[in-house]
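Asks: Residue numbers (this note's numbering), protein chains in the order written: chain Y, 1 to 500; chain B, 1 to 537; chain S, 1 to 316.
Hint data in this document are derived by calculation from the structure and do not stem from the laboratory. Predicted model only: the values in this text are computed from it and were never measured. Glycine included, every Cβ here is placed at the ideal spot set by N, Cα and C. Among the hints, a few may not be true.
A partial selection of chain B residues facing chain S, derived with a Cβ cut-off under 10 Å [stated by the list, open to error]: (1) 75; (2) 79; (3) 95; (4) 132; (5) 133; (6) 338.
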Amino acid sequence: MSEQSREGRHENEKARFNPINNIMRMVSDPSFQKTAIWSTGSIILALVVVSVLMMMTGYNVGLAFLTLLWGAITQFDRVLFFATPLIFTGLSVALAFKCGLFNIGPEGQVYMGAIGAAIVGYLVSLPIVLHQFTALLFGTFLGFLYGLLPGILKAYRGTHEVVTTMMMSYSAILFTAWLVTYPLKDTTQALDRTPPILVTAELPKLIGSFLNFSLILAILAVIAVDYLINKTVLGYEMRAVGQNPDAAETAGINPKKNIALALGIAGALAGMGGSGEILGYHHLFQDNWSVGLGWDGITVAVLGNNNPWGVLAAAIFFGALRAGGLQMQRIAGVPLEMVRVIQGLIVLFVAAPRAIDWLSKRGVDYATWLKTDRVPASVHLATSFMAGASAIVCLSVFGSYSAMIEAGIPGVGGIVALLLFLTSLVSIYALIELLMRKPRGLRLVAFAAIVWLLVAALGYIAGSMLIVWQSLVIGMVSFLLVVLVERVFPETPLDLGGDN
Amino acid sequence: MPQGGLTIYAVELENISKTFPGGVEANKNITLRIREGEVHGLLGENGAGKSTLMNILYGFLSKDTGRILIRGEEVELQSPQDAILRGVGMVHQHFKLIPPLTVTENVILGLEPVLKRLRAERLVETKHFSSLLPIDFRGAADRIRRIAEENGLHIDPDAKIQDISVGLQQRVEIIKTLYRNADIVILDEPTSVLTPQEVDDLFVTLEKFKEAGRTIILITHKLREPMVLADRISVLRDGELIGTVNKEDTSPEELARMMVGRPVVFRVEKGPANPGGVVLAIKDLTVQDKRGITAVRGINLEVKAGEILGIAGVEGNGQTELVEAIAGLLKSREGNILLNGKDITGLDPREVREAGVSHIPEDRHRRGLILGFTIAENSTLGRHHRAPFAMGPGRQVLDLSEADGITEALVDTYSIKVSDIHSLASTLSGGNQQKVIVARELSANPKLILAAQPTRGLDVGATEYIHNVLVSMRDEGAAILLVSAELDEIMSVSDRIAVIFDGQIVAVKEPEATTAEELGLLMAGHKQDQSSAEAVV
Amino acid sequence: MQTGDPMLELMGWLLKATLQMATPLVLTALGGMFSERTGVVNIGLEGMMLVGAFSAVAGTYYVGSPWLGLIIAVIAGGALAGAHAIVCVKFKGNHIVSGTGIILFGLGSTTLGLQVVWGKQGLSDSVERIPEVVIPQLRDVPMLGTAFGSLSPIIYFMFIITALSWYVLYRTPFGLRMRAAGEDPSTLDAAGVSVEWTRIVGVVLSGALAGLGGAYLSIGFENAFGKGMTAGKGFIALAALIFGNWTPIGCFLAGLFFGFVTGLQFIFPILIPELVTLTNLVKILPYALVIVALAGIRRSIPPKGIAVPYEKEVRV
């Protein structure tokens, strides 16, 4: 793991503990800036890929992103509301990660915390404040136990936490489902859920009908985790174990204790998140109430580079994505699941910071080339652009394949679709080769252009004028550009060598 | 052949430069010509760029600039495959062998003979389509057996690498180059893991190679070896070629000067020891390693205050486990470890530390440092939980300014070259990383210092420094247990030498009253059984 | 259905359920083995299974032949694994983070696909299944008839692929290279074989097999795709891989064992009708037993070079 550069924060300043100072120092750190570039780059790349995906599936990309943005900006209270549990689960994953553990099952810990809070919330009757506190504490404690168990298994039996936390996550969902179907079911209701918690256990609302006190708890948790990791002996030992368990052991640190405890605290954080959700908003535990808070937590931690403040920022970003995503679903008709796809892609890209480094280096290269060699560079750039466009249009036309079948000529439609799909792959490859300034990219674009002309002919047979025109335009322009690069600027320094 | 008017070069390296991604300039414009059929010594300190240069010739690393000619033909080496096909073979310092696989599997890796017309006899490069055909294991084993016999290198092709001794592993590496028909053989520090007797065997083998007309390049940092074996010697320092000399025209002193850039003192300057009371007493200690194999078999040892006890032995004879058992990292099966008369057997590493034991681990990256931590964080590692570093309720809050202050002081006293104590330990050079560990461990005022391979991989300057620090700690009254694979180090630093073989102490000697040859025989277990040199199998 | 000794029938039924439940696990675990033996951790198996399951149904729906659907699933799984391979091998990314991305992408894209293709939320339209292999001679034999009388051909594939995996891993040059890539990539590199290609092929192979395992779920066992239908099977396969000590036979046996445990949950309510109210608890059984099994094994040794990106250009 190349964590060293990322971990390189100036954690030992002489200043007293001060969150604002901490943030300022973090922002001015070059390694932080690099991480920020990686995270932002990943988001941008993911959005680009998702745009293509939306085109493929026939959604209106512009409208989708506009509504997404609009939804996120206009409903800031909902953004924060959605962000709240993600802060908790994100911190949970991040803290475990600092100790070298991958807590992949915060979902289960959230469920245990939630059911704990719900039980105390409706079964026990206590005065206000004390009731909320007890319910929260019990939920957190259940989460702690639920994290501690895989922690102990990892520490003393070497059982891989990725498998155990996931298995326990599924178990928790099934277990709570059973609880609310039988022993704890509110028999007055048809749905499988507990009775509502008492008013004394409800957390106060902050603004509107969504945002509640658990947000405050979440922010306190961010500060507490930051303090724990960076300013305490326990945090120091956890980080030591996470970085190099052998060296930690040699230095007299007990890796087993720290591993068990780190997963326990991670579970407690997730459990507190679950409790907060129940006490602050849902007010009862219903079967399957949370869909994917755990997965979101992993994404948030990964995007926030396992830094508490990064987690906070990433959680707000995902809250915005979710709030905006609902708007997008309502107005642009793009399913909310698109948000999950974006998440997956972001995580995938964050895992490959070098891809982003490479792309940004290419960008700088092009910029300098454009300055020195204006005309050939812009022609070359245009060719790359055409390759990209060709790939995108291919995929989007491919998406309307089913429409073509319904148009009545499945045979030709099938051939066209297959051709288009292959061409899109060729074009993507061409784009990559062109970005590396390899001459092969040019030949591939020429090949794609010929296929486009073929598609135009087939489209004519299939009777779809849209395909004919699109294909003709893309094919001709690509062809022209290739000819231009090959014949007019044969001295174009295509192969500038080494991309390392 | 070389005597004729024109010298035939097996290898010509012209103006080779190489900078690593981290910015280290390993080779600076090196031009080196190796004659056909000669033994060429490539001498230099650790980090001088010898291995890098040869890895470039082997196609394992890419060069930044320069040309490579093999038998007068310019070549572009994209991968080791290209070098192998041109007859270049290399025995790496850290063997390129895979422990759980058999000798045969290791030897044929990359050039697997498959059944179906292709015979192992006809060494044919496996193409993609044929890589899913069954391997001709029997043919390969036969060929290996024949090569082994022809060269007097006995080996069992079906043995697993993890079950055979280091000396035999090296044999497998040599057979690997022969299997690939290499006639230019590069050996990278081949003697560092061998006993003096095994070294002699190796030299016999190499003489045989030379007679067979093979060209041999011998990379080493030891002066003795090229003086025995080589025809010509090239010296590298800091990535630059200092010069190439004929063996007849040079002396060890001249080579040392070329290598280090200044005259070298071969012995550590130290006064006589004034041993005090017994600090460490080990009684009938038996320890199993992590795999459950008994590694230490009933060792009895004493280390007195103000004395350095050196443990000599070929690696893998129980030294590691002995040290780890004392440090509390391994639990002992039987026996007792006493520190100043107090039983510390079975205590955990923290308790052992608190009792006054410091530990310089043999692998600084695995056990000594946390590379992703800053230098300041590393400097308090092991003491971070005590005052003055830990404050507040239950000593749970770190006082970072205290850690910074002490780190600054350590950096000063031990002259560690750092730009900022808040930069990561991974940014330091190997010598400075080791100094951080030594500074941290010695500043704890230990009664006993466990120093395992404290100078491994360091250059002469850093080695001298660490030796001097250890000697001065001895003079202040600390007991020091020194474990080293370098016989020279053991002989020059220790006050008493214990030889370990197969988990037992076979002899305790005074350095003045023994010789390297005697120790070598003891290290190979020859005391009990003079006849079989293969006892280690 | 024939009438016979009810206990024997139950045994036969359990045998069949074991085979059915084990098939996706064994296939996916074998896939994971190819990836991890070359040194790339693949926790994205779950996502690859999901994508395989979805594309099998979608492919069958569009093309009309479940066999072609099966091939499409294998390709789709392989393609998704290709993304994992590029991130992990080409760009030296963190294997576990990348795998999580693959899972998230698999979850999201398949649920999205349900809406795009069928306009449905939870369950796709039914499609044609892969026809089962019926052995008429066995039909009337008690127990065996129930167990083996009519099975999906993918179950037979599973046996063949297990044997084939063993052959490839231990008897061919490619297998030797894969094992070397996972144990010590620099040795493989020094032997003149591309570590990157060996690893990429291993990972893509793992995705293809996971895709096949997923396809079995959707068009071999069921006849439609349901949201999140793998329900952690990718992780159970991962556990089977660890339990099976990264060997083909081990994966096979561990897969059968976990398949048996999963099959039990169908048997229990039949044996003890009072358990019906505890259905959800019984469903926990396989997950819990996976944890117990993993915690119980003494030691399983992963390949040495696992999860470590291979960097050639470092000072040696």
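Asks: Hint compliance check: list the failing hint numbers for this structure, sorted ascending.
Replies: 1, 6
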